[in-house]
Amino acid sequence: MGNVFCVFCGCVDQASIGVVEKWGRFQNLAQPGLHFFNPFAGECVAGILSTRINSLDVKIETKTKDNVFVQMICSIQYRVIKENADDAFYELQNPKEQIQAYVFDVVRAHVPRMTLDELFEQKGDVAKTVLEELEKVMGAYGYNIEHILMVDIIPDPAVRKAMNEINAAQRLQLASVYKGEAEKILQVKKAEADAEAKYLGGVGVAKQRQAITDGLRENILNFSHKVEGTSAKEVMDLIMITQYFDTIKDLGNSSKNTTVFIPHGPGHVRDISDQIRNGLM
1 MGNVFCVFCG CVDQASIGVV EKWGRFQNLA QPGLHFFNPF AGECVAGILS
51 TRINSLDVKI ETKTKDNVFV QMICSIQYRV IKENADDAFY ELQNPKEQIQ
101 AYVFDVVRAH VPRMTLDELF EQKGDVAKTV LEELEKVMGA YGYNIEHILM
151 VDIIPDPAVR KAMNEINAAQ RLQLASVYKG EAEKILQVKK AEADAEAKYL
201 GGVGVAKQRQ AITDGLRENI LNFSHKVEGT SAKEVMDLIM ITQYFDTIKD
251 LGNSSKNTTV FIPHGPGHVR DISDQIRNGL M
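The letter at position 204 of the sequence shown is residue 204 when you use full-length UniProt numbering, and the numbering goes up by one with no holes.
Treat the hints as calculated values from the structure; they're not laboratory data. All values derive from a computational prediction rather than experimental measurement. We put the beta carbon where it would ideally sit given N, CA and C, even for glycine. One or more of the hints may lead you astray.
Listed next, the in silico DSS-like pairs over lysine-lysine satisfying Cα-Cα at most 25 Å (straight line) [said to hold, decoys possible]:
#1 LYS96 to LYS59
#2 LYS161 to LYS190
#3 LYS82 to LYS65
#4 LYS179 to LYS189
#5 LYS161 to LYS65
#6 LYS190 to LYS123
#7 LYS123 to LYS82
#8 LYS65 to LYS22
#9 LYS65 to LYS96
#10 LYS179 to LYS190
#11 LYS136 to LYS96
#12 LYS161 to LYS123
#13 LYS59 to LYS184
#14 LYS128 to LYS65
#15 LYS63 to LYS22
#16 LYS198 to LYS184
#17 LYS63 to LYS161
#18 LYS123 to LYS63
#19 LYS96 to LYS82
#20 LYS22 to LYS96
#21 LYS123 to LYS96
#22 LYS82 to LYS136
#23 LYS59 to LYS179
The following label-pair restraints were derived from C-beta to C-beta distances [as the list claims (entries may be wrong)]:
#24 ASN94 to ILE154: 38 to 44 Å
#25 LYS189 to ILE153: 47 to 53 Å
#26 LYS59 to GLY180: 45 to 51 Å
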């Protein structure tokens, strides 16, 4: 329902305030509700002001300390002060243009003292500075500044692309460091595993040889005790010849075996037996 006026009465809506004049001169403020006027005495309602919060978006282009041009979108929320509605009605013809002019002046005086990175980090300080300046100026005209928000900071497209490339390069560098550390740890662990495997393999071979040696020694002693007149050398030769023929048999049974003995004559078994016997004795 809108504001309704007739010759003798008028209705001011909620969240609005009327300006009453008498013979063209301000007389009083009309609060929301029904009011009676005397047109014969020159009383009339000159206008109605809304006391609701209004929002004004201001787009500002300025330059930072490091010579980067940016566009800033500033949102100003303001309202008429009920007690000073007459000042708001009579003092300013276009309050939006007035607010916009002061925002331009404050931002373009403050931002050039900051770098682009500082502007992104301290945009709240810029909004606070604009708020303090506007409160001092617009308060005298019957307006109260409720909030100021720096909605967006838009650098030049080339600058934005460069910033993204710098960020991407830093992340790739960090990823390379982590990848190198991971490869280093992998190589170290692999070397440690290889060393442990070789150590265990050596222990196994040593134990295997020790078992073979113990077994041969035991066989020689048993054979010598059971068969009188045999020496350890003769028993060792017999064992070596037996193992030699067993090996030849295994090679003959396997069609895919690629093992080659050089030399391979039976006469060479004596040389092998001498070497083993010397190692055992």
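Given the hint that LYS190 pairs with LYS123, does the C-alpha gap stay at or below 25 Å? violated, 52 Å
Need the status of pair LYS22, LYS96: alpha-carbon distance at most 25 Å? violated, 28 Å
Is the straight-line distance between the alpha-carbon of LYS59 and that of LYS184 25 Å or less? Violated - the C-alpha atoms of LYS184 and LYS59 are around 53 Å apart, more than 25 Å.
With a cut-off of 25 Å on the C-alpha distance, tell me whether LYS96 and LYS82 pass. holds, 18 Å
Pair hint LYS82 and LYS136, alpha-carbon separation not exceeding 25 Å: Holds - the C-alpha atoms of LYS136 and LYS82 are around 17 Å apart, at most 25 Å.
Under the criterion that the straight-line Cα-Cα distance not exceed 25 Å, is the pair LYS123, LYS63 satisfied? holds, 14 Å
25 Å Cα cutoff - pair LYS179, LYS190: Given that 25 Å is the threshold and the Cα spacing comes to 16 Å, the pair holds.
Just to be careful, I want the Cα atoms of LYS63 and LYS22 compared with a cutoff of 25 Å; is the pair within it? violated, 51 Å
CB of LYS59 to CB of GLY180, is that within 45 to 51 Å? Roughly 47 Å apart at Cβ, these two residues keep to the hinted range, so it holds.
Regarding the pair LYS96 and LYS59, is the alpha-carbon distance no greater than 25 Å? holds, 13 Å
Quickly compare the C-alpha distance for LYS161 and LYS190 to 25 Å and report which way the hint goes. Measuring from Cα to Cα gives roughly 43 Å; hence the hint is violated.
Does the alpha-carbon distance linking LYS198 and LYS184 stay inside the 25 Å limit? Satisfied, since the Cα-Cα distance of roughly 21 Å is no more than 25 Å.
Hint check: violations occur at hints 2, 3, 6, 7, 8, 9, 13, 15, 20, 23, 24; the rest are consistent with the structure.
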